[in-house]
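Participant: Residues per chain, in single letters:
Protein chains: 2
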Amino acid sequence: MIAEFALIERLGRWLAGRGDGVEVGHGDDAAVLAIDGQAVLAVDALVEGRHWDPAISSPRDVGWKAVAVNVSDVAAMGAKPVAAVVALHEPAPVALAEVEACYEGMAEAAARWGVALVGGDTVEAPCRAVDLAILGEVAPGAAVTRGGAAPGQRLVCVGALGAAAAGLALARAGLAPPAGADRADAASGGTSLPQAAGLLAAHRRPRALPAAGAALAAHGATAMLDVSDGLGADLTRLCVASGVSARLEAEALPIAEGVAAAARALGVDALDLACRGGEDFALLAALPAERAEAAVAAAAEAEAGVPAAVIGWLGSHDPETPVRLVVDGVERRLGTSGYEHFTPS
Amino acid sequence: MIAEFALIERLGRWLAGRGDGVEVGHGDDAAVLAIDGQAVLAVDALVEGRHWDPAISSPRDVGWKAVAVNVSDVAAMGAKPVAAVVALHEPAPVALAEVEACYEGMAEAAARWGVALVGGDTVEAPCRAVDLAILGEVAPGAAVTRGGAAPGQRLVCVGALGAAAAGLALARAGLAPPAGADRADAASGGTSLPQAAGLLAAHRRPRALPAAGAALAAHGATAMLDVSDGLGADLTRLCVASGVSARLEAEALPIAEGVAAAARALGVDALDLACRGGEDFALLAALPAERAEAAVAAAAEAEAGVPAAVIGWLGSHDPETPVRLVVDGVERRLGTSGYEHFTPS
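Chains as they are written, first to last, in our numbering: chain A, 1 to 345; chain B, 1001 to 1345.
No wet-lab data here; the hints were simulated from the structure. Cβ atoms here follow ideal geometry from the backbone N, Cα and C, with glycine treated the same way. A portion of the hints provided could be inaccurate.
What follows is a list of derived Cβ distance ranges for each label pair [said to hold, decoys possible]: (1) Arg-18(A) x Gly-1012(B): 34 to 42 Å; (2) Ala-294(A) x Glu-1108(B): 45 to 53 Å; (3) Arg-1010(B) x Arg-18(A): 41 to 49 Å; (4) Glu-320(A) x Asp-1053(B): 43 to 51 Å; (5) Ala-1218(B) x Thr-321(A): 39 to 47 Å.
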């Protein structure tokens, strides 16, 4: 066991001190940050057994993901992530190596996206959870909400769909490397699909796309959100908030490499993984038709190696069928069956 | 049981929409806030059974407290609280009335201190916890840290000491009204001390002091923090961060009304309750000697009914005995035995 204050001191090495806009870093009552423009604020909680399986995701993966999912929320506003604070829930006795690995993962992701980890709180709790709050900045009035889409606009998707869901399903089926295994180990795993490690990485260590979010905003996006619960569920939210409907072309969807092979191995439908899987943290944006292609090009340039495409167009409000998916010329209803934490009654 | 998204919708009535600096309120990927100056960011987690006893604090109390402890962190920087987001951990099946009461308490406290509740996350977890992150604003360079105190300065305390600890101890001893009882019930309780309800209210629904924090900062405070773990523990932190020592006069401490009677009823030392109790959320500030009295007067005027006093003075760095307490002319060492969540090995 380790005293709380000693633990916080040990973890301090992963936290940011002063500098680069951090006026007051960790170790005070609150952090103080210089920001340009308006403040963007979000919080996301990850709970062990609920948001991650310790047999599949290592503590370092969890730390990374806690930062990534929050950076993605800021990205979806067209804003720039600045700083984060974390409330770590940890059962007693403290598994010090795991807590440190979790902080290491947070620090890696924070460095990846230029986020200053400026402090937090460590509390004893029945199970591990990582609640991270993020501060971003955006030019006054420039934030892109979910509510600004209009009929006649194009819908753009940046980021590959289905990878996280396919990777998680492969891991659950024993067809992907275990928690903590790196890519080299994974490649030598006899039972894994060749693409398994890459797909599983999308689940364990998702990539947030703040540069794409900024590019889409700069190129005229009028509505945007990130795909955390599934394309169908999240796009329905954008449609409801904006009072529009969406019609997607299945062939245009940027389905991640390896999802088709994973779907065959798992005996499931690849399109279903892409549309309902969630946790891909792709960005969906609505843009005027004449600006969509330039926005796609700018977003692809901003995020090397990430697919970007016009995937459909927006029509007038349709409360019955907000999202339609055209598969082989046939229109289907794309439902809202994204992942919910509480089962409907 | 209720679906997560339906739950979030129900809770939306306690959350702020646009207006008064809220550019984007709840219901989007992140909230957007107009702030003046630099951003102040903090997070505090409250866990059931650890930070509150459901037999002593009602869900409404817990919601209030989650906001108050975070507002206190912002106040201790001399900053103004602006907005908050919450991650609520809730076991399944969701106790809807209790979750709503918790949000009601958060909304009450948020309204009390002008904080916009702009969203959050609701997750299923093994036990209830309320993790709240707060955003504040402060003029560039004006934040007051723990590290700016200097020898020769006076130490000021705003807020009554010992009330929260006394109230909690009375409740545990069955000498205070149960959770959910209001003051009228409490007054009629035959077994309660007359002061019990007031003392217990300090534990259940603490008062943050942002107006006092701003007044102390405006009157030249060079270091400040709030008393969350106990006067001895927190003042030691200020001394260590600033490289000073402190000498307090016991007679000068603003011990809360009723603490002496509670201590007698409990068979404990009133001074001990005041010095080690914690959770009073009083503010401690270091000021130049010639400005201390004016700062005390300004803080008292800013927070009606809250005691404020010069309680001691600061000397040169003393790593062995950072804090001394003079009781009846005799110097004692005031230790750091504030409340720690993890027991030292």
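Participant: Now look at each hint and say whether the structure bears it out.
Facilitator: Right, here's what the structure says about each hint:
no.: 1; hint: Arg-18(A) x Gly-1012(B): 34 to 42 Å; in the structure: 38 Å, holds
no.: 2; hint: Ala-294(A) x Glu-1108(B): 45 to 53 Å; in the structure: 49 Å, holds
no.: 3; hint: Arg-1010(B) x Arg-18(A): 41 to 49 Å; in the structure: 42 Å, holds
no.: 4; hint: Glu-320(A) x Asp-1053(B): 43 to 51 Å; in the structure: 49 Å, holds
no.: 5; hint: Ala-1218(B) x Thr-321(A): 39 to 47 Å; in the structure: 58 Å, violated
Of the numbered hints stated above, the single one contradicted by the structure is hint 5.
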